[in-house]
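Residue numbers (our numbering): 9 to 382.
For the record, the hints were derived by calculation from the structure and aren't laboratory data.
Ideal placement from N, C-alpha and C gives every residue a C-beta, glycine not left out.
Take these hints with a grain of salt, some might be off.
Said to hold, decoys possible - Ranges of calculated distance between the beta carbons of each label pair, as one might list FRET restraints:
#	residue 1	residue 2	range
1	Lys380	Ala270	16 to 22 Å
2	Lys322	Asp47	48 to 54 Å
3	Ser326	Ser195	49 to 55 Å
4	Ser195	Lys353	47 to 53 Å
5	Glu109	Glu266	15 to 21 Å
6	Lys132	Thr330	42 to 48 Å
7	Asp120	Gln366	15 to 21 Å
8	Asn355	His234	37 to 43 Å
9	Ser113	Ala270	19 to 25 Å
10	Thr292	Asp47	21 to 27 Å
11	Glu266	Lys132	27 to 33 Å
12	Ser121	Lys192	43 to 49 Å
As the list claims (entries may be wrong) - Okay, derived cross-link-like pairs now, BS3-like style, lysine-lysine, Cα gap no bigger than 27 Å in a straight line:
#	residue 1	residue 2
13	Lys380	Lys163
14	Lys267	Lys107
15	Lys192	Lys164
16	Lys164	Lys203
17	Lys168	Lys179
18	Lys132	Lys107
19	Lys265	Lys229
20	Lys142	Lys163
21	Lys254	Lys240
22	Lys278	Lys380
23	Lys240	Lys183
24	Lys322	Lys353
25	Lys240	Lys252
26	Lys254	Lys142
27	Lys240	Lys179
28	Lys163	Lys190
29	Lys127	Lys179
30	Lys107	Lys127
31	Lys92	Lys69
32	Lys322	Lys380
33	Lys240	Lys192
34	Lys142	Lys203
35	Lys380	Lys319
36	Lys254	Lys229
37	Lys273	Lys69
38	Lys142	Lys252
39	Lys92	Lys273
40	Lys203	Lys254
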Amino acid sequence: MTGFLSKLWFNFIHSNFLVYNICWEDSDVDRHLLQINADTSLLTITSAGCNVLNYLLDNPKSVHCVDINPKQTALLDLKVALIKHGNYELFFSFFGDGKTEQFNSGYQQVRDSLSPVSKSFWDKHIHYFRPNGKGLFYHGGSGLFARFLNRAIDKKGIRKLVNQILCEDSKDQRKELLEEIKEKLWSGPEQNLWKSSFILSLAGVPKSQREAIGDINEFMKEVLYHIFVAQKPNNNYFWRVYLKGKFTQNCCPDYLKEKNFALLKSNIEKLHISTGGIHEFLETSTHNFTHVVLLDYMDWLVGHNESQLKKDWKRILSQTNTGPNILFRTAYANADFLPEFTLEKMNLEQIDPNWINQNDRVGTYTGTWVGKVL
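Using the sequences and the accompanying hints, generate a full structural model.
See below:
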């Protein structure tokens, strides 16, 4: 696919579809690094809404989230509506199992509390949760990517190996299993499939990240080693949900755990959801924030929208309090893409990659950085 067609395809996916059905950033890492507490007023990007709900479990003062894609807002809007509804079993059936017999009746119970845009989206897409369908986690851009992955796993006859590695306690055994999985998964047409812009756009990987990574096949082989061998994958709900199609009570984000539901419900009014760009949101907001979590947003601007990158950072720094409080991830080997003026106003530290490799259960970012505003 040429660069022009690749850009058209990426923009088409991200303008017309729900892209992320779960957040692809480990919020346990965020919560450890940022030490969220009762004085925290946090700004982040919505994505699938998992992480903003996890942040609420640390009893912050407020959490504000913004996303340029209204479909991502609609996903979080439905989660919030079901939390407020107060039926944990119904909530988990939607967002833990990803499918439910009550997909329509449950939706009708909360439909009127959704925004008009969210209501319009779910009126057309509530079938994502049909009990005899594929389920939420195999819908949207990332869901289509997961379906390609699972099709390849089944085609190559390695499903048993994949199931084994998810449960294997022995590191040596996991290493042997991974070698066998890699040998088969990266053979034939698939060795080109995994690095194609067509497939990676579904997973929300922009061209700038693909270029920063370089050889994506080799990069992903290293990622899989850290995720499935160096770490124990038995509690890795990020990768497991795409391999199994659902979360379990024992392997899911904290916001989905029954023991946290009452706290989540009591704190849900602290969450404020907006649709649009970060700069536009801050321009109309009177809030100052103690913490900002930018996910991998910077990578989306590097190389093709430097003016927006500068505008965003000027606004972010003008509305962020002093402290170790701006966190972002990147596919780049360093943070040289940041505007020069940012380093005059904050001290930037890369989190030890060895610690990240041991603790981050997503593993697909080259660097995790925290800026301390001066």
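Taking the hints in turn, this is what the structure says about them:
| no. | hint | result |
| --- | --- | --- |
| 1 | Lys380 to Ala270: 16 to 22 Å | violated (35 Å) |
| 2 | Lys322 to Asp47: 48 to 54 Å | violated (25 Å) |
| 3 | Ser326 to Ser195: 49 to 55 Å | holds (52 Å) |
| 4 | Ser195 to Lys353: 47 to 53 Å | holds (50 Å) |
| 5 | Glu109 to Glu266: 15 to 21 Å | holds (19 Å) |
| 6 | Lys132 to Thr330: 42 to 48 Å | holds (45 Å) |
| 7 | Asp120 to Gln366: 15 to 21 Å | violated (46 Å) |
| 8 | Asn355 to His234: 37 to 43 Å | violated (28 Å) |
| 9 | Ser113 to Ala270: 19 to 25 Å | holds (24 Å) |
| 10 | Thr292 to Asp47: 21 to 27 Å | holds (24 Å) |
| 11 | Glu266 to Lys132: 27 to 33 Å | holds (31 Å) |
| 12 | Ser121 to Lys192: 43 to 49 Å | holds (48 Å) |
| 13 | Lys380 to Lys163 | violated (48 Å) |
| 14 | Lys267 to Lys107 | holds (21 Å) |
| 15 | Lys192 to Lys164 | holds (7 Å) |
| 16 | Lys164 to Lys203 | holds (18 Å) |
| 17 | Lys168 to Lys179 | holds (18 Å) |
| 18 | Lys132 to Lys107 | holds (16 Å) |
| 19 | Lys265 to Lys229 | violated (31 Å) |
| 20 | Lys142 to Lys163 | holds (18 Å) |
| 21 | Lys254 to Lys240 | holds (19 Å) |
| 22 | Lys278 to Lys380 | holds (25 Å) |
| 23 | Lys240 to Lys183 | holds (11 Å) |
| 24 | Lys322 to Lys353 | holds (10 Å) |
| 25 | Lys240 to Lys252 | holds (17 Å) |
| 26 | Lys254 to Lys142 | holds (10 Å) |
| 27 | Lys240 to Lys179 | holds (8 Å) |
| 28 | Lys163 to Lys190 | holds (14 Å) |
| 29 | Lys127 to Lys179 | violated (47 Å) |
| 30 | Lys107 to Lys127 | holds (19 Å) |
| 31 | Lys92 to Lys69 | holds (19 Å) |
| 32 | Lys322 to Lys380 | holds (15 Å) |
| 33 | Lys240 to Lys192 | holds (22 Å) |
| 34 | Lys142 to Lys203 | holds (25 Å) |
| 35 | Lys380 to Lys319 | holds (19 Å) |
| 36 | Lys254 to Lys229 | holds (24 Å) |
| 37 | Lys273 to Lys69 | holds (15 Å) |
| 38 | Lys142 to Lys252 | holds (11 Å) |
| 39 | Lys92 to Lys273 | holds (6 Å) |
| 40 | Lys203 to Lys254 | holds (26 Å) |
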